[in-house]
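A.B. asks: Going down the list, the protein sequences come from chains A and B.
Using our numbering, the first residue of the first sequence is number 1, and each one after it goes up by one.
Using our numbering, the first residue of the second sequence is number 1001, and each one after it goes up by one.
Relax, there's no trap hidden among the hints.
List time: in silico EDC-like cross-link candidates among lysine to aspartate or glutamate, alpha-carbon distance up to 20 Å:
1. B:1084 <-> B:1048
2. A:273 <-> B:1189
3. B:1184 <-> A:272
4. B:1186 <-> A:275
5. B:1186 <-> A:274
6. B:1184 <-> A:274
7. A:335 <-> B:1120
8. A:335 <-> B:1200
9. B:1084 <-> B:1074
10. B:1184 <-> B:1036
11. A:439 <-> A:365
12. B:1212 <-> A:336
13. A:335 <-> B:1189
14. A:369 <-> B:1120
15. A:369 <-> B:1189
16. A:335 <-> B:1204
17. A:335 <-> B:1117
18. A:273 <-> B:1200
19. B:1212 <-> A:374
20. B:1184 <-> A:275
21. B:1186 <-> A:272
22. A:369 <-> B:1117
23. A:196 <-> A:214
Derived from the structure by calculation, the hints contain no laboratory data.
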Amino acid sequence: MKSSEVQIAGSLRRRLAVTLIGGMTILTLLLFFVVRNYAAQIAQQSQDSILSASVTSILDAATMRDGEVQIDIPYASFSMLGTNTDDRVFYVIYQDGVALSGYEELSIPKASIDETSVLQSTTFMEVPVRQVTASRVLAGADFRTRITASIAQTQDNLSGTLARISRNAAIFGAGFFSLAVLLSILATSTTIGPLKRLADSIARRGPQDLSPVEKPVPSEMAPLVSSLNHLMHRLDKSMTQSEDFIAEAAHRVRTPIATVRSHAEMTLQRVDKEENRQALRSMIRAIDETSRAAGQLLDHAMIAFRAHQLEFEAVDLVEISREIVLRMTPIAEMKDIELQLSGESSVIVSGDSILIQNAVRNLVDNAFKYSPADSNIEIEVQSRPSPYLKVVDYGPGFLQAEIETLTDRFTRGVNAEGTIGSGLGLTIARDVAAAHNGKLVIENHHSGGACVILYL
Amino acid sequence: MNLSQPTVWPDYTMKFLLVEDNEELAHAISTRMQLDGHVIDHAINIADAIAYSEAGEYDLILLDIMLPDGDGRDFLSRHRDGQKDTPVIVLTARSQVSDRISMLDLGADDYVTKPFDHAELQARCRAVLRRRSGTSQTLIKLADVEFDPVAGHLSVAGSTIVLRNRELRLLELLINAPGNIFSKQKLFDRLFSYDDDVSENAIEVYIARLRKHLDKSRLNITTLRGLGYRLDEE
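Model the full assembly from the supplied sequences, consistent with the hints where possible.
C.D. replies: This is how it looks when you write it as structure tokens:
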């Protein structure tokens, strides 16, 4: 069956998954940075408070004796700064802007003029350091001096801690992310699930099943399902109407034609004058042509209608041919034509039996029309190389030039002069072949008659 | 019009029941059937058809599908359920694609699609009766000739030949009314369909063939110049 083309505009599943996973990614990154920054901040704070304590202890040790500033740096001031890594510590002490002790190269911020500590991250000897600077005013009776102490520590330990925290935060974030992705996938499929089940249940239906969907669906899908049901109802109705219409139309057209034909035939029995008889004969011929055309048009409509909803089943081409031969034999006998069926005893194809019957009937009907009296029509069914049915007659055959155009609607061969037919027979057979992915081959038999092969 | 009386050969008389609501068509079919020497009863609806089929025995039922009081297929299934095996030929005007299968499924022996050639209906009746030939005896005896029009067998002087279709139909016409004159036209109309592109003289070929078959018998086909042909007993 032909799959109908559908315009695809993205995928709901993908859209949902992208939204969920995208959101989760942002959340995870946010979480990672928040945790890491918070941890870094706390680590920094603890270093800062130790550095501050160290600076304060140095300042506290400063005393005035005999107008001289004495600073006896306590051991603890530096020992408290000890870390498990070899972090280096630099210090400098100024008195009123004059370096007393330590690394004079260690610059101190100008702002450090009151007693509050100034914290800053800077570089010293091309190494990033954390520096704490504080000052204190020593005052005597006639004396007032400002002592400023600054301690800088390298941050090897801190960055080690930070790396550890980052790693842990990353592991935590990855775990969180995987879990979130898993949940997203689960959420996506539970959401898409009912939609997919609906699609499956509709796809599994036979071509004739136009009953409404009755399984419960989520409320968001209710409008879709309800319009679908509505559409199927209308389709069902219009298909039934079409089929009824075709049958009814046939009845309406054929019954009066039958009456007219009977009258003409009856009249012909009573009329003796040759020109009247000729006129009546051509009238009957025209009537037959009309009714054949009407019949084939309706058949063609029915086939076009059915071709869109094929019901494939195992069909025995030989069985179909046998039925048609049986059916046509009485008429064939009237012209003393013999219908011969040859080939394999059973050739099973997958197809729509009504369509195939119609195609075969039209082919035999055609052969029948063009066959002279006292001749044969040969029907051969074989399964190799691919299943085919061949109808050969001993009539005038096709003109070589016409073979291409013959299956076009309403095209009749030049040799068809004087024979009843609407020209739809080969078109019907070709359409049926096409509906089954087969083909119709038209050629002349070496005997000169027509040879039509229906491949299915 | 020369209607041959079937009473002459009661064995051969076929009884048909025609169920058809279209009066004109029914009249046409009845007239043709009577011309062929058959007896035909006409029912215009299912109720009539049931009454007729219960009252009498028929050799064949011709059944229209769309009837004023219902679907002919209902009659068909009722008929079959009632253990009647009278052969039924359905007259249908419906599309051939959709309806044919269900009719054959319901037990119709064959069908013709309206409008039909009377010769086709006749041929189908013959074919159906031939398939059921165990049930009806259709032997016509005239002089030293035995003729089975259903099987198409002609026995002359102890040997049997199978007639081809047109020979059979021609002999059937002639033997049905021996001594009557049939014009060439009349015979032509009955033997050839309207799309046969042949002249009325083609009938002479078949007369010649029949003469050959009847050579050893006491039956003669006489040519009456300008009038037609007549079957005579010696």
